[in-house]
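**Q** Based on these hints, arrange chain V on the given structure of chain L.
One letter stands for each residue in the lines below.
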Amino acid sequence: MMDISALLDEIKAAPFREIVIATPHCGRVSFADLKPGDSVVGPQGQWKEKPGSHIATLEREHNPKPICALEKGEISLLHTELEGRFVEAGTPLAVLRHKLTREEVQRLILQKALHLFCAPERAKYYFIPEVDKKIRAADAHSVTVRDGMELLIMSRMKREVPLHYTGPDGVIYEIYFKINDNVNAGDPLIGVCPRDQLPVIQDVIMRVQTEWAEQG
Amino acid sequence: MDNNIEKRIQSLRDRLSYLQDIFAGKHGDNANLLHERLETFTERARWGQLDDPHSEMASLEDLFAYVEKRLEECITPMDKVRIVRHPQRICLRDILENVYDNFTEVGGQDEHSLDPSMLIARAVITRRSGKKTYTQSVMVIGQEKGHGAEFRNGGSVKPWGNAKALQYMRVAETEGIPIHTYIFTPGSYPIEDNPGAAQQIARNIYGMAGLRVPVVAVISEGGSGGAEAIGLADKRLMLSHGYYSVISPEGAAAIEGRIKAGMRATPELIEHCAEHLRITAQDNLAFGYIDRIVQEPPLGARPWHFDFFRHLRQEVIRATDEVVISTRRMPLLKGMALSRRRKPDANMEEMFMRWDLSASARERLRDRRQQKFLRLSRHAARDRRPFWTKTASAFWDWLSKPWRTFKYDFYRKHQRHIRAVLEEVDNEWEQLKSRMLAPWRRLTGKADSTAAAQAREELTALSAWSGEGRKSKWNYLSPRYKVDRTITCPNSASYGCLDLWGPDLFAEFAGVCSHCGYHFPMEPEWYVKNVFDAGSVFEFNSEIEAGNPLDFPDFAPRIAEAQKKTGARSGCMTFEARIDDIKMVVAMLMGTFRGGSVGAAEGYKFVEAAQRAAKKRYPFLAYVHGTAGIRIQEGTHGVIQMPRCTVAVRRYIESGGLYMVLYDTNSFAGPLASFLGCSPYQFAVRSSNIGFAGPGVIKETTGMDIPPKYHRSYRALSRGHIQGIWDRRQIRANLKQALLTIGGRNLYYR
Numbered sequence: 001m002m003d004i005s006a007l008l009d010e011i012k013a014a015p016f017r018e019i020v021i022a023t024p025h026c027g028r029v030s031f032a033d034l035k036p037g038d039s040v041v042g043p044q045g046q047w048k049e050k051p052g053s054h055i056a057t058l059e060r061e062h063n064p065k066p067i068c069a070l071e072k073g074e075i076s077l078l079h080t081e082l083e084g085r086f087v088e089a090g091t092p093l094a095v096l097r098h099k100l101t102r103e104e105v106q107r108l109i110l111q112k113a114l115h116l117f118c119a120p121e122r123a124k125y126y127f128i129p130e131v132d133k134k135i136r137a138a139d140a141h142s143v144t145v146r147d148g149m150e151l152l153i154m155s156r157m158k159r160e161v162p163l164h165y166t167g168p169d170g171v172i173y174e175i176y177f178k179i180n181d182n183v184n185a186g187d188p189l190i191g192v193c194p195r196d197q198l199p200v201i202q203d204v205i206m207r208v209q210t211e212w213a214e215q216g
Numbered sequence: 001m002d003n004n005i006e007k008r009i010q011s012l013r014d015r016l017s018y019l020q021d022i023f024a025g026k027h028g029d030n031a032n033l034l035h036e037r038l039e040t041f042t043e044r045a046r047w048g049q050l051d052d053p054h055s056e057m058a059s060l061e062d063l064f065a066y067v068e069k070r071l072e073e074c075i076t077p078m079d080k081v082r083i084v085r086h087p088q089r090i091c092l093r094d095i096l097e098n099v100y101d102n103f104t105e106v107g108g109q110d111e112h113s114l115d116p117s118m119l120i121a122r123a124v125i126t127r128r129s130g131k132k133t134y135t136q137s138v139m140v141i142g143q144e145k146g147h148g149a150e151f152r153n154g155g156s157v158k159p160w161g162n163a164k165a166l167q168y169m170r171v172a173e174t175e176g177i178p179i180h181t182y183i184f185t186p187g188s189y190p191i192e193d194n195p196g197a198a199q200q201i202a203r204n205i206y207g208m209a210g211l212r213v214p215v216v217a218v219i220s221e222g223g224s225g226g227a228e229a230i231g232l233a234d235k236r237l238m239l240s241h242g243y244y245s246v247i248s249p250e251g252a253a254a255i256e257g258r259i260k261a262g263m264r265a266t267p268e269l270i271e272h273c274a275e276h277l278r279i280t281a282q283d284n285l286a287f288g289y290i291d292r293i294v295q296e297p298p299l300g301a302r303p304w305h306f307d308f309f310r311h312l313r314q315e316v317i318r319a320t321d322e323v324v325i326s327t328r329r330m331p332l333l334k335g336m337a338l339s340r341r342r343k344p345d346a347n348m349e350e351m352f353m354r355w356d357l358s359a360s361a362r363e364r365l366r367d368r369r370q371q372k373f374l375r376l377s378r379h380a381a382r383d384r385r386p387f388w389t390k391t392a393s394a395f396w397d398w399l400s401k402p403w404r405t406f407k408y409d410f411y412r413k414h415q416r417h418i419r420a421v422l423e424e425v426d427n428e429w430e431q432l433k434s435r436m437l438a439p440w441r442r443l444t445g446k447a448d449s450t451a452a453a454q455a456r457e458e459l460t461a462l463s464a465w466s467g468e469g470r471k472s473k474w475n476y477l478s479p480r481y482k483v484d485r486t487i488t489c490p491n492s493a494s495y496g497c498l499d500l501w502g503p504d505l506f507a508e509f510a511g512v513c514s515h516c517g518y519h520f521p522m523e524p525e526w527y528v529k530n531v532f533d534a535g536s537v538f539e540f541n542s543e544i545e546a547g548n549p550l551d552f553p554d555f556a557p558r559i560a561e562a563q564k565k566t567g568a569r570s571g572c573m574t575f576e577a578r579i580d581d582i583k584m585v586v587a588m589l590m591g592t593f594r595g596g597s598v599g600a601a602e603g604y605k606f607v608e609a610a611q612r613a614a615k616k617r618y619p620f621l622a623y624v625h626g627t628a629g630i631r632i633q634e635g636t637h638g639v640i641q642m643p644r645c646t647v648a649v650r651r652y653i654e655s656g657g658l659y660m661v662l663y664d665t666n667s668f669a670g671p672l673a674s675f676l677g678c679s680p681y682q683f684a685v686r687s688s689n690i691g692f693a694g695p696g697v698i699k700e701t702t703g704m705d706i707p708p709k710y711h712r713s714y715r716a717l718s719r720g721h722i723q724g725i726w727d728r729r730q731i732r733a734n735l736k737q738a739l740l741t742i743g744g745r746n747l748y749y750r
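If you're matching them up, the sequences are chains L and V in order.
Numbering (the working numbering) for the first sequence: 1 to 216.
Numbering (the working numbering) for the second sequence: 1 to 750.
None of these hints come from the bench; they were simulated from the model.
Remember, it's a predicted structure, so these values are computed and weren't measured experimentally.
It is possible that some hints are incorrect.
Said to hold, decoys possible - Computed, partial: chain L to chain V, Cβ under 7 Å:
#	residue
1	Q46
2	N63
3	K65
4	C68
5	E71
6	E74
7	N184
Stated by the list, open to error - If you anchor each label on the Cβ, the simulated ranges turn out as follows:
#	chain 1	residue 1	chain 2	residue 2	range
8	L	D196	V	E150	56 to 64 Å
9	L	E61	V	Q454	53 to 61 Å
10	L	A213	V	Y495	14 to 22 Å
11	V	E150	L	H54	39 to 47 Å
12	L	E160	V	W474	38 to 46 Å
13	L	T101	V	Y495	27 to 35 Å
14	L	H54	V	K390	36 to 44 Å
15	L	I179	V	T702	41 to 49 Å
16	V	Y495	L	D38	46 to 54 Å
17	L	E160	V	Y481	53 to 61 Å
Stated by the list, open to error - Straight-line distance between alpha carbons at most 30 Å, and here's what the computed DSBU-like set of lysine-lysine pairs gives:
#	chain 1	residue 1	chain 2	residue 2
18	V	K260	L	K50
19	V	K616	L	K65
20	V	K699	L	K50
21	V	K482	L	K72
22	L	K65	V	K413
23	V	K260	L	K65
A virtual CB, placed ideally from N, CA and C, is assigned to each residue, including glycine.
Here chain L stands alone, though its shape is the one from the complex (with noise of 0.2 Å):
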């Protein structure tokens, strides 16, 4: 069994992500005006269609090409030592530091704790009489599933399959799914937890709820 405050704390300890950003192919680089500690962002726009801050530009064959941040965060390192030289490719330009947001957390602490059901493929999927009245009268975590066991339906182009549940056994933490709306192929249905660890994941959850400062 994992130890799920161990590793809530964990990220506690260190709630970065290192992102290295590294040169695409060999050239030329001269970097922005930034130096370490300056913070920048990823890309903007309701569709991400503006490109994050300005890092470097690397110059091959006439060809100036801009690198820019893929994320949030704030540069903890840049090699300045670089400046005006002719790198190859993959070399490291510059660490950036992206704190991570609760959903982030939330996302890396359910994907380590929980089994995710998947959906086979694109249509509309509801659960089968008897567990939609356990999970109406209660709640989800009301719900013991099986490896084999009938659980979901699969309603596409007017034709409904069966669907059985294949994984480890345990209770339904979350649904991830709504009534009458399409679930694309591989997003996930359920996510499963064994009936033990529970309670600590509900507790580790309302932890970063509360306790997780959002970056500003």
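**A** Quick look at chain V alone, frame taken from chain L:
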């Protein structure tokens, strides 16, 4: 206070606030005087200090009328723009209630409508002749601004609203009743959702060019494409305080001042543009784009101006009568009837005439309308063809007409019968021959012929490094191929395209990314030289020049600069060319000449090209290298090209021609919403962006953010605006195939 007096005070308050609004701070002393007088009067009336309230009220109203009349003399074009946009301005429902005797809305009610900004109604007009009364039906179609009601979108019609208008025009045509259109729009609502703003306006204009019932249009606010969607009429009346323009003065100022998103043009610049775009009724009458001005009361008509409605009623009836009379054959009777109706004191309600037309009169009506639009705006283009060239070409036309009639209308028609008979005989002969030669074939067939050996060699041999295929594929290389650098494909982030070496990209690759197929824009010359047979291009009418017909300030040098830069005299190049000996007429809009905008000269050349194609029975290709829309600095000279060129295209298509459109790079606005969008066969090169308004304009007018790649050709294809997408390297082959399959064997169907 007397209830009546209170009402009249309220009405004066409205008049005062209207006056203040439309002058936007100008003539403040007059407004203050009126305000002061009105307040004193109100105060005194409230405390009952007036001796004779009614006569004092009347004198105050006289003062208002006097001031309004005086201010009327110093009204500027921008004031007129504010007048037509004012919520107190008359709107279509006021007209329906006051000009017509009765009406039924058929296009929806208030906000419960497919598009509340487009109002459609069946209305009746009652007229007398002696003791008899007659009821005449008309279809009334127009934009409804609804005194500022928000759901009307200020008269900006969505594509489906225009589609509805066209549907009811067809209904009117079936029923044989005249159509009255009322134009109250600042412009069309720029969204691409099916049927698409531009494509639907194009369909409307195309449809109206062929309507077989009288159409009378009344323009109050005529904003560009939205106005043209219901504006192609036999008679166009214009309200004296209206405007008719290619673009709103604000839009023009944003373009002139190169305003970026989020910034505002200065009021002075907007005023300057409004003045120089020549948007008023008087200007448009002088240009010949409207037929008559309907005089409004001082400072514009408002719903309580009942005299104005009576006058408007007379004018629309007169216009409809004139259209009907103009289709008559007898010149003497026609002249008499017309002159009777043109008398200023003629009471149209006492003069009854039927508005239904015979079948032949309908044809004449349609032809007259088309000819009328074809004649417009010729003076606005600079025709530098020498006198003898023009005379010679006119003479040649006259001379060759009988020959063409003989060749195409007589010989071709009978030729088909003869050919059918000959083909049948030939088939029989082949059958007979093969049966008779069968024994001989059986003997010789076993021997290996040289042709078969050659075919085998071709099929089995490996491709060689030397040979036909290894020669340079292109007759013309973009001058950019000399660039000494690599170029990054814009799709490299998503598709991982490798950098492209400039000389490769612009020469051998024809500007196409060899990994993802992204098309970099190329010069118009590239297409002229590479798509058509080498040496087959013959340009005509190159002497027709783009000018500055409105004397727009600082515009002439910019045109001269574009001419110097591109070496062309206008943004439209018209030529005859061949693809594998298939002859055709091509009109090319060049994106390099002021963005490919269309003005009087470009429209003139386009119309001439369509007529030439019809005369020679060639297919007609509109190759749109790029077009940014109508050239705004030419004002209504530009916008009138929309109906004009569409009429030319319709006449060409109906005479049996094959009209195809091919888009490249960016094609937007006016031309797309008229003579390009109306083609049944529109194709696009992969590089193209197609739409009605650019992202900036959509954001500005609708407040919606639009996703990136909203206008890409693939989106246009999914929306059903175009029929197919071609690779640039395949244009020649695809064009040939399309001509052969769509055009049939003589490339000129029917």
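**Q** All the hints need checking, so say for each whether the structure fits it.
**A** Hint by hint, here is what the structure shows:
1. Q46: 6 Å, holds
2. N63: Constraint on N63 (chain L) satisfied, holds at 4 Å.
3. K65: 6 Å, holds
4. C68: 10 Å, violated
5. E71: 15 Å, violated
6. E74: 24 Å, violated
7. N184: Status violated, d = 19 Å.
8. L:D196 - V:E150: 56 to 64 Å: Cβ of D196 (chain L) to Cβ of E150 (chain V): about 59 Å, so the range 56 to 64 Å holds.
9. L:E61 - V:Q454: 53 to 61 Å: 46 Å, violated
10. L:A213 - V:Y495: 14 to 22 Å: 40 Å, violated
11. V:E150 - L:H54: 39 to 47 Å: 43 Å, holds
12. L:E160 - V:W474: 38 to 46 Å: 57 Å, violated
13. L:T101 - V:Y495: 27 to 35 Å: 30 Å, holds
14. L:H54 - V:K390: 36 to 44 Å: Violated, since H54 (chain L) and K390 (chain V) (Cβ atoms, about 59 Å apart) do not stay within the stated range.
15. L:I179 - V:T702: 41 to 49 Å: Given range 41 to 49 Å: violated, Cβ gap about 33 Å.
16. V:Y495 - L:D38: 46 to 54 Å: 32 Å, violated
17. L:E160 - V:Y481: 53 to 61 Å: 60 Å, holds
18. V:K260 - L:K50: 17 Å, holds
19. V:K616 - L:K65: It is violated: about 53 Å lies between the C-alpha atoms, which goes past 30 Å.
20. V:K699 - L:K50: 16 Å, holds
21. V:K482 - L:K72: Violated. K482 (chain V) to K72 (chain L) sits at ~41 Å, over the 30 Å cutoff.
22. L:K65 - V:K413: 64 Å, violated
23. V:K260 - L:K65: 26 Å, holds
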